Amino acid sequence: MRVLVQAERCQGHGRCFIECPQVFGSDAEGFATVAIAEPGAELTSAVRRAADSCPERAISISTGADGRPISADDPGRSRKSA
Amino acid sequence: MSGISTERAALPGDEYRFDHHSAKMTSTPWSVWARLRNECPVAHSEAHGGHYVLTTYEDVTAAATDAVTFSSDGDGLGVAIPPQETRPLYPIDADPPIQREYRSILNPFLSPARVAAMEPWVRKLARAGVQKLPADGTFDVAALFTLPFPRMVAFTLLDLPIDELETISHQVDIASSERGPAGQAAGAAIYAKLAETIGRRRSQDHRDDLVGALLTGTAEGRPLTEQEIMSMMLLLLFGGLETTSATLAAMLLWLSDHPEDLARMLADPSLMKTAADEFVRWASPVAHIARTATDDIEIRDCPISKGSRVLLSYGSANRDTTVFERADEVILDRFPNRHIGFGMGPHRCVGSHLAKLQIRVAFEEFTGRYADFEVADYNAVRWSPGETRYIRSLPLTVGEKVSR
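Residue numbers (the numbering used here), protein chains in the order written: chain A, 320 to 401; chain B, 2 to 405.
Hints in this document: simulated from the structure, not taken from any laboratory.
Owing to the predicted nature of the structure, the values given are computational and were not obtained by experimental measurement.
Incorrect hints may appear among the rest.
Stated by the list, open to error - Okay, the calculated beta carbon distance ranges per label pair: (1) B:Glu375 / A:Ala356: 45 to 53 angstroms; (2) B:Pro386 / A:Asp346: 35 to 43 angstroms; (3) A:Gly359 / B:Ala189: 55 to 63 angstroms; (4) B:Glu330 / A:Ser381: 32 to 40 angstroms.
Said to hold, decoys possible - To list a few chain B residues with every Cβ distance to chain A over 12 angstroms, as calculated: (5) Val33; (6) Cys41; (7) Glu47; (8) Gly51; (9) Ala193; (10) Asp206; (11) Thr322; (12) Asp329; (13) Pro337.
Don't be surprised by glycine CBs; every beta carbon is placed ideally from N, CA and C.
With these hints in hand, go ahead and build the complete structure from the sequences.
Right, dumping it as structure tokens:
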């Protein structure tokens, strides 16, 4: 499992590290950081909760080798850069 | 142009005569929001010079996260309909990229880590506020606690003079409740107090706090102007007052009505991990906020021309039953809970972590003293008019805990 925070989406709501403090942290401004980019399987459920808690859907989770995403990241949502 | 009717054809939504400042929208907005979500999710209203209003979670969140199409600056009009007298307030009335720069100055001082370190003095303020309340009987918990406590927190954060906090709190009371000369005078007094604080701090050594960050902050490669500094202090002051008070009072109201939930929270303090956000969703103090369309756009086949004012109903989005099951109930362990009570996108509430700390600490201190509480008179529960929905009067009858 590979965990990624899409920095351009993260707005510092801080919900992810409440749900899964082992994997997610926050930087000086409160934006999410990833402490363990490839957490073990025992953390799958906590990592999924963290991803599901993000109002901005900034967290993506993909499976190992083939990189196929296993967490919802809304592809239909347009995201203008700003 | 005699003989030609100048009456504009009604636009879809006009027939609902939506007015977010109306009394019914202040006290009982939910059925109006539900009707619009279901019948006219992109509605035009002729109120306040004419604007559109979005009420679904899908449309509101899409707009909030698209700061390019939906401008907060709006060529100086800002994020209130009608435009606020005191504007611009930064960063709320600014757009990226400068809005990001303003936020970079403020974010570190309201980050989760910094806020966690504030707990001791925030708790001291909460405890002091609760201790001042009557031991038993009936009192207005809004006037005596949920309104003053967040003020004390904000005043402390902004380094206002400690021996004058009560006086300034009183002035905030008047400024927010009186529209006429008395209100304006109180507003001017608060403004002067902030200016005095800036002046005092300029003459002192630099300190690593919010005010210090504003005094040394830069944007666009130059120091912040006096206007920018004052504007940000005003927003930090007012932005966290009624909003936080709203959620505190809404929490006490819900728990008064639902003793089963009070019992659950007392039995399991870890519920606050999800409950704080749920109270924010349910209360949604920032019920509405505005943007200006920067281009001709279409939402659900409804054309919105460039320059149009668009009101985003965060309050309606947070009650959208297609997203939130049992949306009108507080579900203490609701998950997921991607509410927009703290906003979304670049303008996500900078004080959200401090707000949640206050919610938890206020709950702990209030229930630490009182074993039970209930609304004394539902006819006396009063909501405020205006941009922020909050309870300004909440008579509770309380019973103190008996120590064994």
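Is Pro337 (chain B) truly not at the interface, in the sense that its beta carbon sits beyond 12 angstroms from all beta carbons of chain A? Answer for Pro337 (chain B): violated, closest chain A Cβ roughly 4 angstroms.
Could you tell me whether the CB distance from Glu375 (chain B) to Ala356 (chain A) stays inside 45 to 53 angstroms? holds, 51 angstroms
For Pro386 (chain B) and Asp346 (chain A), compare the CB-CB distance with the range 35 to 43 angstroms and indicate the outcome. 40 angstroms Cβ-Cβ, so the 35 to 43 angstroms window holds.
Minimum Cβ separation between Ala193 (chain B) and chain A greater than 12 angstroms? Check passes; 32 angstroms lies beyond 12 angstroms.
Status of Cys41 (chain B), Cβ more than 12 angstroms from any chain A Cβ: Cys41 (chain B) is indeed farther than 12 angstroms from all Cβ atoms of chain A, at 23 angstroms.
No chain A beta carbon within 12 angstroms of Val33 (chain B)'s: It holds; Val33 (chain B) is separated from chain A by about 25 angstroms at its closest Cβ, greater than 12 angstroms.
Asp206 (chain B): least C-beta distance to chain A exceeds 12 angstroms? holds, 22 angstroms
Does the claim that Asp329 (chain B) lies off the interface hold, with its Cβ farther than 12 angstroms from every Cβ of chain A? holds, 20 angstroms
For the hint 32 to 40 angstroms, verify it against the beta carbon of Glu330 (chain B) and that of Ser381 (chain A). holds, 36 angstroms
Can the suggested window of 55 to 63 angstroms be confirmed for the beta-carbon pair Gly359 (chain A) and Ala189 (chain B)? With a Cβ separation near 60 angstroms, Gly359 (chain A) and Ala189 (chain B) satisfy 55 to 63 angstroms, so the hint holds.
Over 12 angstroms to the closest beta carbon of chain A is the bar; see if Gly51 (chain B) clears it. holds, 26 angstroms
Reported absence of Thr322 (chain B) from the contact zone with chain A (all CB gaps over 12 angstroms): Non-interface label stands for Thr322 (chain B): nearest chain A Cβ at 18 angstroms, farther than 12 angstroms.
The structure fails to meet hint 13 from the earlier list, while all remaining hints are met.
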